[in-house]
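Let the sequences and hints guide you as you build the complete structure.
2 protein chains.
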Amino acid sequence: MKVEVITIGDELTTGTIQDTNFTWLSEQLSLNGFDVIWNQIVRDQAEDIQRALLASLGRSHAVIVTGGLGPTTDDITTEIVARTFGLELSLHEESLQKIRRFVESRGRTFSESQKKQAMLPSGALLLPNKLGTAPGYFLKVKETTFFCLPGVPQEMKQQFCDGVLPELKKLIGPSHFYDHRVLRCFGLAEAEINECLKSHDFGPLRLSYRVSFPEIILKLVRKGNDSTSVQRGLDQAEAYIRQALGEKIFATGEETIEQVVGRLLKAQKATIALAESCTGGLMTHMLTNVSGSSAYVDRGCVVYSNRSKQDILGISPDILKEHGAVSGVVAKEMAVQVRRLAQTTYGLAVTGIAGPTGGTKDKPIGTVHIALATPMEVREKGYHFPLSREMFKIIVAHVALHKLRRELLKRSSGEI
Amino acid sequence: MKVEVITIGDELTTGTIQDTNFTWLSEQLSLNGFDVIWNQIVRDQAEDIQRALLASLGRSHAVIVTGGLGPTTDDITTEIVARTFGLELSLHEESLQKIRRFVESRGRTFSESQKKQAMLPSGALLLPNKLGTAPGYFLKVKETTFFCLPGVPQEMKQQFCDGVLPELKKLIGPSHFYDHRVLRCFGLAEAEINECLKSHDFGPLRLSYRVSFPEIILKLVRKGNDSTSVQRGLDQAEAYIRQALGEKIFATGEETIEQVVGRLLKAQKATIALAESCTGGLMTHMLTNVSGSSAYVDRGCVVYSNRSKQDILGISPDILKEHGAVSGVVAKEMAVQVRRLAQTTYGLAVTGIAGPTGGTKDKPIGTVHIALATPMEVREKGYHFPLSREMFKIIVAHVALHKLRRELLKRSSGEI
Numbered sequence: 001m002k003v004e005v006i007t008i009g010d011e012l013t014t015g016t017i018q019d020t021n022f023t024w025l026s027e028q029l030s031l032n033g034f035d036v037i038w039n040q041i042v043r044d045q046a047e048d049i050q051r052a053l054l055a056s057l058g059r060s061h062a063v064i065v066t067g068g069l070g071p072t073t074d075d076i077t078t079e080i081v082a083r084t085f086g087l088e089l090s091l092h093e094e095s096l097q098k099i100r101r102f103v104e105s106r107g108r109t110f111s112e113s114q115k116k117q118a119m120l121p122s123g124a125l126l127l128p129n130k131l132g133t134a135p136g137y138f139l140k141v142k143e144t145t146f147f148c149l150p151g152v153p154q155e156m157k158q159q160f161c162d163g164v165l166p167e168l169k170k171l172i173g174p175s176h177f178y179d180h181r182v183l184r185c186f187g188l189a190e191a192e193i194n195e196c197l198k199s200h201d202f203g204p205l206r207l208s209y210r211v212s213f214p215e216i217i218l219k220l221v222r223k224g225n226d227s228t229s230v231q232r233g234l235d236q237a238e239a240y241i242r243q244a245l246g247e248k249i250f251a252t253g254e255e256t257i258e259q260v261v262g263r264l265l266k267a268q269k270a271t272i273a274l275a276e277s278c279t280g281g282l283m284t285h286m287l288t289n290v291s292g293s294s295a296y297v298d299r300g301c302v303v304y305s306n307r308s309k310q311d312i313l314g315i316s317p318d319i320l321k322e323h324g325a326v327s328g329v330v331a332k333e334m335a336v337q338v339r340r341l342a343q344t345t346y347g348l349a350v351t352g353i354a355g356p357t358g359g360t361k362d363k364p365i366g367t368v369h370i371a372l373a374t375p376m377e378v379r380e381k382g383y384h385f386p387l388s389r390e391m392f393k394i395i396v397a398h399v400a401l402h403k404l405r406r407e408l409l410k411r412s413s414g415e416i
Numbered sequence: 001m002k003v004e005v006i007t008i009g010d011e012l013t014t015g016t017i018q019d020t021n022f023t024w025l026s027e028q029l030s031l032n033g034f035d036v037i038w039n040q041i042v043r044d045q046a047e048d049i050q051r052a053l054l055a056s057l058g059r060s061h062a063v064i065v066t067g068g069l070g071p072t073t074d075d076i077t078t079e080i081v082a083r084t085f086g087l088e089l090s091l092h093e094e095s096l097q098k099i100r101r102f103v104e105s106r107g108r109t110f111s112e113s114q115k116k117q118a119m120l121p122s123g124a125l126l127l128p129n130k131l132g133t134a135p136g137y138f139l140k141v142k143e144t145t146f147f148c149l150p151g152v153p154q155e156m157k158q159q160f161c162d163g164v165l166p167e168l169k170k171l172i173g174p175s176h177f178y179d180h181r182v183l184r185c186f187g188l189a190e191a192e193i194n195e196c197l198k199s200h201d202f203g204p205l206r207l208s209y210r211v212s213f214p215e216i217i218l219k220l221v222r223k224g225n226d227s228t229s230v231q232r233g234l235d236q237a238e239a240y241i242r243q244a245l246g247e248k249i250f251a252t253g254e255e256t257i258e259q260v261v262g263r264l265l266k267a268q269k270a271t272i273a274l275a276e277s278c279t280g281g282l283m284t285h286m287l288t289n290v291s292g293s294s295a296y297v298d299r300g301c302v303v304y305s306n307r308s309k310q311d312i313l314g315i316s317p318d319i320l321k322e323h324g325a326v327s328g329v330v331a332k333e334m335a336v337q338v339r340r341l342a343q344t345t346y347g348l349a350v351t352g353i354a355g356p357t358g359g360t361k362d363k364p365i366g367t368v369h370i371a372l373a374t375p376m377e378v379r380e381k382g383y384h385f386p387l388s389r390e391m392f393k394i395i396v397a398h399v400a401l402h403k404l405r406r407e408l409l410k411r412s413s414g415e416i
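Protein sequences, first through last, are from chains U and D. According to our numbering, the first sequence holds residues 1 to 416 in order. According to our numbering, the second sequence holds residues 1 to 416 in order.
I should point out that these hints are in silico values taken from the structure, not numbers from a laboratory. The model shown is predicted, which means the values in this text are computed figures rather than measured ones. Keep in mind that a hint or two might mislead.
The list makes no distinction among identical chains, and a pair is therefore deemed to hold if it is satisfied within one copy or across any two copies.
Derived DSBU-like pairs (lysine-lysine); straight-line CA-CA distance at most 30 Å [claimed, not checked]:
no.: 1; residue 1: 361; residue 2: 266
no.: 2; residue 1: 140; residue 2: 403
no.: 3; residue 1: 321; residue 2: 269
no.: 4; residue 1: 266; residue 2: 363
no.: 5; residue 1: 223; residue 2: 410
no.: 6; residue 1: 198; residue 2: 115
Structure representation (structure tokens):
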């Protein structure tokens with residue numbers, strides 16, 4: 001079933017804000033098995049909105065219109081929808097009461113201009129707004145159903161999930177069974193994932209990739225005749241992918257690497273201390289973005305200067321001189337010392353050259369050493385990531401956190 | 001002059017990636033005085049691309065088409081442009097040689113499929129691609145000029161700046177003098193800025209705001225009869241705004257607060273050490289995102305646990321017990337100690353409660369103390385930012401870095 005989107009607002013056509021509604025809507029619609037064919041972004045201009053509506057009529061089975069439902073004079077979507085399709089506007093009493101109650105419950109006074117939001121085209125059915133005053137609605141014109149939603153992302157999303165998606169599923173009929181799953185992969189390029197999976201026949205399941213640096217997101221969408229077969233198909237595909245890609249699949253849905261590591265540390269009542277040089281605090285920042293991380297993050301030492309490596313971690317000047325600050329030996333020392341000083345279960349350390357300056361022939365820009373100290377041992381590995389400064393920091397932080405994740409998994413599986 | 005954009009690609013209509021080209025293009029075009037009226041996002045489907053092209057023809061003076069210029073079979077933009085407007089495709093020799101040289105200079109072999117990228121519609125003029133193989137081009141159909149550019153943002157931007165913008169300026173004619181200026185503001189809400197500036201008559205200058213949390217970006221666009229009057233108009237407006245908003249304007253153009261602070265520290269040959277609790281490393285991460293920051297960032301201590309505050313900074317357990325870790329006294333101690341240990345010019349410290357848990361009646365979530373130790377003194381201030389964990393970290397890091405910035409400005413102006 002073909003669906004398209006019309007996005008209305010001067011703030012979009014002047015580049016004042018980035019539209020995110022279309023990307024969100026098109027992903028949700030695709031994951032639910034609808035074909036998104038078009039997005040038109042237009043100004044708050046009567047003539048342009050009218051042209052956009054007429055272009056969509058007949059071309060798609062459903063059209064989602066966002067924006068221009070507010071109480072101010074430049075919010076003209078409803079007026080233009082009515083005019084374009086020759087419909088009368090009338091006051092929707094139920095909607096008016098809801099808006100009035102919403103406004104008054106927030107201690108504000110209901111104003112005449114808000115009455116406008118309760119004027120709906122004849123034949124329109126309401127999509128309640130739980131988060132604001134602008135109600136959405138939908139109406140059928142010939143063979144096309146138009147859904148008009150507010151432009152505020154939160155309100156739009158709520159009305160889409162609660163109102164639009166169920167209606168669209170009714171429109172497409174009862175034989176439409178769709179579901180999806182999202183798997184997050186780290187440590188393989190898109191082409192390598194493709195190579196691992198290409199010999200497998202996924203049948204009616206649609207598999208797609210999205211690069212979200214430095215991760216690849218795998219989306220599995222499955223259609224079927226009933227929900228059992230859809231779930232079974234997704235289970236089988238997920239099992240195959242997990243076997244093929246192994247521990248490179250580190251999370252499902254929206255879970256981040258810092259959340260995965262936090263969950264594992266918490267479950268094992270383990271703690272962590274970090275010693276960062278080239279990542280400049282990013283690893284500790286990521287870990288502490290997770291609520292409750294103070295239970296397992298003890299400290300992070302951003303030892304940027306050589307003196308700070310000596311002062312805070314007690315790394316001897318001789319070692320620094322002999323091997324250089326960017327070396328496996330120093331990385332190991334950093335991990336061991338930060339763990340010992342903090343008396344944590346783990347010590348994680350990185351030292352490298354982020355660039356764009358500071359590289360040498362022996363140690364070019366992008367050189368990095370990552371070390372993990374555990375209760376049993378300390379392990380270190382060298383890498384080379386010749387990327388921009390910002391991307392270098394990101395990839396190094398992720399590689400280091402994945403090292404910790406694998407260690408935690410081994411421990412929880414009883415391997416160590 | 002009316003301009004519109006057509007964006008082509010299945011990855012956009014399925015929500016696989018967020019389109020950023022339109023926002024960038026519409027901002028650039030608006031800043032240069034063009035009216036952006038429409039954006040159509042369509043799939044890699046011949047029929048849809050054709051319909052989108054025909055919808056734009058006549059409606060706008062210029063149409064920018066992005067995407068679908070690559071070497072693979074689903075890249076069909078050029079073929080459809082030619083078919084839609086009844087133009088022949090022919091091999092563009094100069095372009096072919098450029099593509100061949102580009103591919104070979106990267107040690108790869110030129111393939112037949114890349115030849116396709118050198119096939120241009122008759123009458124098309126080349127827009128050279130300095131960063132990749134896909135050349136852009138433009139051609140006039142009736143009264144509308146179509147510019148076809150690759151979808152890769154970097155390549156699109158280069159071709160737009162070097163090729164499209166100069167052509168558009170030619171199209172609009174010599175009497176079109178436009179220029180713009182961008183001012184970055186921190187510490188005032190949009191409504192407060194508006195209040196400060198509303199009594200002033202900016203004449204023909206267009207002033208707009210964009211929220212880029214936690215900053216407000218002010219955009220000044222000025223039209224005039226010659227470039228002198230345009231520059232004079234911008235100078236006057238900028239001078240007025242700087243006087244009205246004072247040191248809240250902290251940068252122009254794309255400069256970030258961490259770049260501003262870095263520039264000032266470098267100029268004064270000053271150094272900095274950080275002690276972070278609730279920001280979890282974000283301040284140090286921001287400062288070290290700037291290339292060359294190792295010249296002035298000595299260290300950052302993320303002292304998350306009480307023990308780490310004692311170990312690393314030598315804060316006495318008595319003080320922690322008496323005042324609590326989140327207190328003005330501890331913030332001051334952190335700033336003074338980290339500065340003393342690192343022997344830096346400045347010590348900057350924050351301690352607070354990011355939430356969503358950990359608040360008390362006396363110290364609710366969002367409480368934070370920020371302290372700056374200088375060669376002369378230590379100053380501390382308490383704040384309350386009841387925001388999400390992520391936004392709290394961001395605002396606190398910015399407030400702290402702006403405190404440092406004001407100190408550096410005072411010093412450079414000889415005030416201290």
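A quick look at each hint next to the structure:
1. 361 / 266: between (43 Å within a copy, 27 Å between copies)
2. 140 / 403: neither (54 Å within a copy, 56 Å between copies)
3. 321 / 269: between (38 Å within a copy, 25 Å between copies)
4. 266 / 363: Between copies only: 26 Å across chains, 37 Å inside a chain, cut-off 30 Å.
5. 223 / 410: neither (36 Å within a copy, 65 Å between copies)
6. 198 / 115: between (57 Å within a copy, 28 Å between copies)
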